[in-house]
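Protein chains: 2
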Amino acid sequence: MCTVIPHWLDKQADLSPNDIAVELKDGTTITFSRLAENSREKARKLVAANVTKGDHVAILSGNSIEMMETIHACSYLGAVVVLLNMRLTAYEMKQQMQDANVTLLIIETEKKELTECRQITFEQLEDLEADREMQLIEEINLDKVFTMMYTSGTSGFPKAVQHTYGNHWWSATSSSLNFGQHHDDKWLVPLPLFHVSGLSTMLKGIIYGMPIYLLEKFDVEEVHDAIMHKQVTMASVVTVMLQRLVNYLGDASYPEAFRCMLLGGGPAPETLLQQTKEKQIPVFQSYGMTETASQIVTLSPKDALRKIGSAGKPLFPAQLTIRGKQAGEVGEILVKGPMVTTGYFNRPEANEQTFSNGWLATGDVGYLDEEGFLYVVDRRSDLIISGGENVYPSEIENVLLQMEEIFEAGVTGKKDSEWGEVPVAFVVADDNLTTDAMFSFLRDRLAQYKQPKEIYITDELPRNAANKLVRHALKKLF
Amino acid sequence: MCTVIPHWLDKQADLSPNDIAVELKDGTTITFSRLAENSREKARKLVAANVTKGDHVAILSGNSIEMMETIHACSYLGAVVVLLNMRLTAYEMKQQMQDANVTLLIIETEKKELTECRQITFEQLEDLEADREMQLIEEINLDKVFTMMYTSGTSGFPKAVQHTYGNHWWSATSSSLNFGQHHDDKWLVPLPLFHVSGLSTMLKGIIYGMPIYLLEKFDVEEVHDAIMHKQVTMASVVTVMLQRLVNYLGDASYPEAFRCMLLGGGPAPETLLQQTKEKQIPVFQSYGMTETASQIVTLSPKDALRKIGSAGKPLFPAQLTIRGKQAGEVGEILVKGPMVTTGYFNRPEANEQTFSNGWLATGDVGYLDEEGFLYVVDRRSDLIISGGENVYPSEIENVLLQMEEIFEAGVTGKKDSEWGEVPVAFVVADDNLTTDAMFSFLRDRLAQYKQPKEIYITDELPRNAANKLVRHALKKLF
Chain W
1 MCTVIPHWLD KQADLSPNDI AVELKDGTTI TFSRLAENSR EKARKLVAAN VTKGDHVAIL
61 SGNSIEMMET IHACSYLGAV VVLLNMRLTA YEMKQQMQDA NVTLLIIETE KKELTECRQI
121 TFEQLEDLEA DREMQLIEEI NLDKVFTMMY TSGTSGFPKA VQHTYGNHWW SATSSSLNFG
181 QHHDDKWLVP LPLFHVSGLS TMLKGIIYGM PIYLLEKFDV EEVHDAIMHK QVTMASVVTV
241 MLQRLVNYLG DASYPEAFRC MLLGGGPAPE TLLQQTKEKQ IPVFQSYGMT ETASQIVTLS
301 PKDALRKIGS AGKPLFPAQL TIRGKQAGEV GEILVKGPMV TTGYFNRPEA NEQTFSNGWL
361 ATGDVGYLDE EGFLYVVDRR SDLIISGGEN VYPSEIENVL LQMEEIFEAG VTGKKDSEWG
421 EVPVAFVVAD DNLTTDAMFS FLRDRLAQYK QPKEIYITDE LPRNAANKLV RHALKKLF
Chain L
1 MCTVIPHWLD KQADLSPNDI AVELKDGTTI TFSRLAENSR EKARKLVAAN VTKGDHVAIL
61 SGNSIEMMET IHACSYLGAV VVLLNMRLTA YEMKQQMQDA NVTLLIIETE KKELTECRQI
121 TFEQLEDLEA DREMQLIEEI NLDKVFTMMY TSGTSGFPKA VQHTYGNHWW SATSSSLNFG
181 QHHDDKWLVP LPLFHVSGLS TMLKGIIYGM PIYLLEKFDV EEVHDAIMHK QVTMASVVTV
241 MLQRLVNYLG DASYPEAFRC MLLGGGPAPE TLLQQTKEKQ IPVFQSYGMT ETASQIVTLS
301 PKDALRKIGS AGKPLFPAQL TIRGKQAGEV GEILVKGPMV TTGYFNRPEA NEQTFSNGWL
361 ATGDVGYLDE EGFLYVVDRR SDLIISGGEN VYPSEIENVL LQMEEIFEAG VTGKKDSEWG
421 EVPVAFVVAD DNLTTDAMFS FLRDRLAQYK QPKEIYITDE LPRNAANKLV RHALKKLF
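So the protein sequences, as listed, match chains W and L.
Residue numbering for the first sequence follows the numbering used here, beginning at 1 and increasing consecutively.
Residue numbering for the second sequence follows the numbering used here, beginning at 1 and increasing consecutively.
Hints in this document: simulated from the structure, not taken from any laboratory.
Positions of the beta carbon are idealized from the N, C-alpha and C atoms, including for glycine.
Keep in mind that a hint or two might mislead.
To be verified - If you only want the chain L side, here are some residues facing chain W, beta carbon under 7 angstroms, derived:
1) Gly180
2) Gln181
3) Lys217
4) Gly309
5) Phe316
6) Ala350
7) Thr354
8) Asn357
What the hints assert, rightly or not - Derived coverage of chain W by chain L (criterion: at least 3 residues anywhere in the stretch with Cβ under 8 angstroms from a Cβ of chain L; other residues may be distant):
9) 6 to 18
10) 269 to 275
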């Protein structure tokens with residue numbers, strides 16, 4: 001049975017018209033009613049740009065109120081939003097837009113390298129004449145796809161994770177069942193809205209009727225300032241950000257009203273968690289991925305101090321199991337729940353491999369203790385998490401192998417004090433090929449954060465009996 | 001697409017094993033893990049009583065932990081619970097059990113008048129041997145029916161409202177989106193669990209991981225004591241209870257931590273609301289019915305003082321409209337949302353009349369102000385609300401007309417300082433029939449609260465041109 005609810009932004013604009021929906025560091029604010037009005041107006045202008053129900057519309061933008069309005073505008077037309085990572089190269093963006101059947105790219109400022117795609121800037125959109133006749137969508141069907149975001153996974157070929165309205169809804173309500181919901185909550189978003197971490201908090205704001213404090217990007221001073229002086233009560237961060245915040249905080253401490261630092265994006269070092277404990281920073285470790293529409297496992301407030309190092313238990317509507325293992329045994333993490341994506345766009349094979357009976361095989365490795373708390377031992381064996389961004393070795397290897405002079409390539413992560421990990425490549429290549437040439441080849445084809453920081457030329461790569469690359473053995477070659 | 005979540009009691013027992021789930025006035029408490037264990041054990045014993053998936057099992061009990069466990073036990077087997085109102089006569093109960101295809105009645109203490117039904121008492125159930133082989137249900141499908149409760153409606157023939165797990169889920173999460181959810185919340189339940197008001201709070205407790213303070217029945221001293229001294233933060237009451245509480249409170253005031261007195265069960269007099277305002281009692285008016293799995297419209301904390309007398313706005317996932325009317329115009333209230341029942345059991349005609357495109361025609365009358373706040377002008381024109389119980393005139397009339405000597409019958413509500421309203425009957429009857437004979441006839445066939453307090457013999461009843469009874473004109477006959 002399909003579940004239908006009123007359009008969530010209209011609804012919140014009705015319930016809390018004059019409450020603040022978004023606050024920026026320069027003091028700019030926008031209320032729920034204004035946000036809804038502007039979004040509806042943008043939807044009417046998108047009609048003039050020929051966007052219709054079911055269209056796939058890409059958005060390429062840094063965090064801003066305009067970007068939020070554009071995302072909501074698409075929902076008023078029933079268009080699917082494809083969120084592009086700003087850090088990608090033009091080459092990668094084109095690949096994704098083609099794969100996702102994007103018919104229009106809405107962009108902050110014109111991008112010459114993407115002229116093949118039909119583009120419209122925020123400014124150009126404003127100049128279009130709004131269609132006053134168009135009947136905007138008033139009810140949301142939770143089964144419909146709202147957003148898509150790319151992730152590479154083990155195959156090395158980026159795939160679009162589809163999020164239904166229901167995935168986002170369940171993610172938001174599950175989180176509030178865990179953290180509770182206070183009328184004075186204000187959630188800081190220093191993470192990009194093109195990531196599920198940022199997007200999910202933006203939608204929590206709409207669903208809870210809670211203001212979000214939106215930063216263009218992470219800046220340690222700005223985040224510190226927001227927590228200390230802007231009545232922020234919750235914040236989403238990744239490990240590298242938390243480390244910088246802790247250093248910046250020094251001997252000071254956060255206000256008591258600050259009740260949750262939600263930590264995602266890869267395992268946190270024990271020393272960092274000890275530091276936050278000493279400074280009484282209310283850190284909640286969590287575990288999630290694009291496929292789970294953000295956190296699916298979170299340490300609850302009552303267990304936070306008792307279970308340092310654990311990611312917690314699956315949220316109320318979610319389930320978790322370690323494939324074929326008992327408590328204490330390490331194995332693959334499987335998750336299930338209404339916040340889990342229904343599948344990758346146009347990837348029947350990957351879907352068959354990844355999903356079974358509603359269970360998502362994460363590829364990540366962990367164990368449950370006797371009380372059922374999850375400890376993530378390693379993200380999917382080959383995943384590199386660099387500054388909160390997922391980097392997939394196979395994706396980098398695939399690009400390297402596009403050079404004719406490279407015969408074999410293997411990529412792995414190397415510990416890095418600033419970013420957690422950085423990718424490093426090993427190649428078997430023609431003698432005439434220089435690493436400079438390789439770096440230069442990669443520059444246009446891979447986002448900065450995916451670029452190997454080092455490339456080593458070697459005679460052979462470690463392989464197993466079946467001649468399969470053994471990536472973890474690459475670490476021994478450092 | 002059907003939504004599946006882990007069994008909610010197992011889940012809360014996993015998340016908060018040692019937290020208090022229920023507290024009684026004598027100090028008895030039970031934790032979530034014990035509540036789950038006991039309920040699972042009862043489920044295994046019910047197998048020995050031949051209960052299987054899909055069975056309809058009636059429960060007849062006053063509020064108790066045993067009753068809660070029995071309700072949950074049925075969910076572990078996939079049996080549907082038919083909740084019987086303790087105040088009904090044996091005659092009414094038998095009617096309902098027959099109508100609902102009940103195969104087993106689970107009862108607090110044996111009831112001789114119901115021997116035709118297969119009965120088992122709580123005590124007898126305990127003596128059965130638990131089936132250790134039975135695979136209990138581990139996942140809840142939100143589309144499945146969990147409970148049924150009777151309501152009469154305009155037809156005068158009681159109908160079973162079916163509640164799916166999803167109806168209860170959405171009711172609980174919608175309420176927390178409105179009221180927020182605090183980790184120190186404790187909700188007082190002085191209302192019967194066989195009513196949707198009590199049952200829905202019991203399930204909120206499970207879903208939020210919140211203790212409920214359960215009373216056997218409403219008692220003004222006990223409720224007062226719980227609010228003053230037992231750290232209760234929220235309570236559900238009906239108008240008649242609130243009036244008594246206000247009188248009892250006198251010049252004292254409730255602790256600040258007491259943050260919500262949720263008021264349901266019919267419109268509250270303006271004077272009472274003024275009194276509560278003066279005494280700073282955080283009263284939240286609401287509007288709902290069995291069909292909406294409790295409140296569907298509630299005044300939010302931020303509008304409570306500004307909109308005294310209004311029932312508020314529909315909860316986040318719900319919609320409301322006044323059929324064919326603009327703001328300010330009085331008309332029939334229609335509601336829609338995932339907490340609304342999917343229909344009455346085995347009543348295709350009533351379902352066709354009541355539901356259309358997901359909208360429920362409530363029969364109640366009200367208007368929306370310019371800002372969209374609901375003012376309930378009158379419950380469905382003929383409904384009498386007596387001490388929070390719904391009394392349907394047509395049901396009483398139907399029983400009266402079963403007496404051969406009664407030719408016509410009309411019932412209406414009369415204002416009553418204690419109960420809000422009480423039913424009063426007017427009959428056209430054979431000269432030889434005495435009112436004593438009528439009262440005596442009704443005694444076994446109608447619950448006490450449905451019994452007319454007065455019966456008047458008259459020559460004719462007010463009828464319109466189509467010869468239809470005009471019930472509101474009866475009031476002129478007092």
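Okay, the hints, checked on the actual structure:
Hint on Gly180 of chain L holds. Least Cβ distance to chain W is approximately 5 angstroms, under the 7 angstroms limit. Hint status for Gln181 of chain L: holds, given a least beta-carbon distance of 5 angstroms to chain W, under 7 angstroms. Taking 7 angstroms as the C-beta contact cut-off toward chain W, the hint placing Lys217 of chain L at the interface is violated, the least distance being around 30 angstroms. Using the Cβ-Cβ criterion of 7 angstroms, the hint placing Gly309 of chain L at the interface with chain W is not satisfied: the shortest such distance is roughly 19 angstroms.
A distance limit of 7 angstroms between C-beta atoms decides the matter here; for Phe316 of chain L the minimum to chain W is near 6 angstroms, and the interface restraint holds. Because the smallest distance between the Cβ of Ala350 of chain L and any Cβ of chain W comes to about 20 angstroms, over 7 angstroms, the interface hint for this residue is violated. Here the hint on Thr354 of chain L is broken, as its CB sits about 18 angstroms from the closest CB of chain W, past 7 angstroms. The beta carbon of Asn357 of chain L comes no nearer than 10 angstroms to any beta carbon in chain W, farther than 7 angstroms, and the hint placing it at the interface is violated.
For the region 6 to 18 of chain W, the assignment as covered by chain L holds, since 7 residues bring a beta-carbon within under 8 angstroms of that chain's beta-carbons and 3 suffice. Counting residues of the region 269 to 275 of chain W whose CB lies closer than 8 angstroms to any CB of chain L gives 0, so the stated coverage by that chain is violated, three being the minimum.
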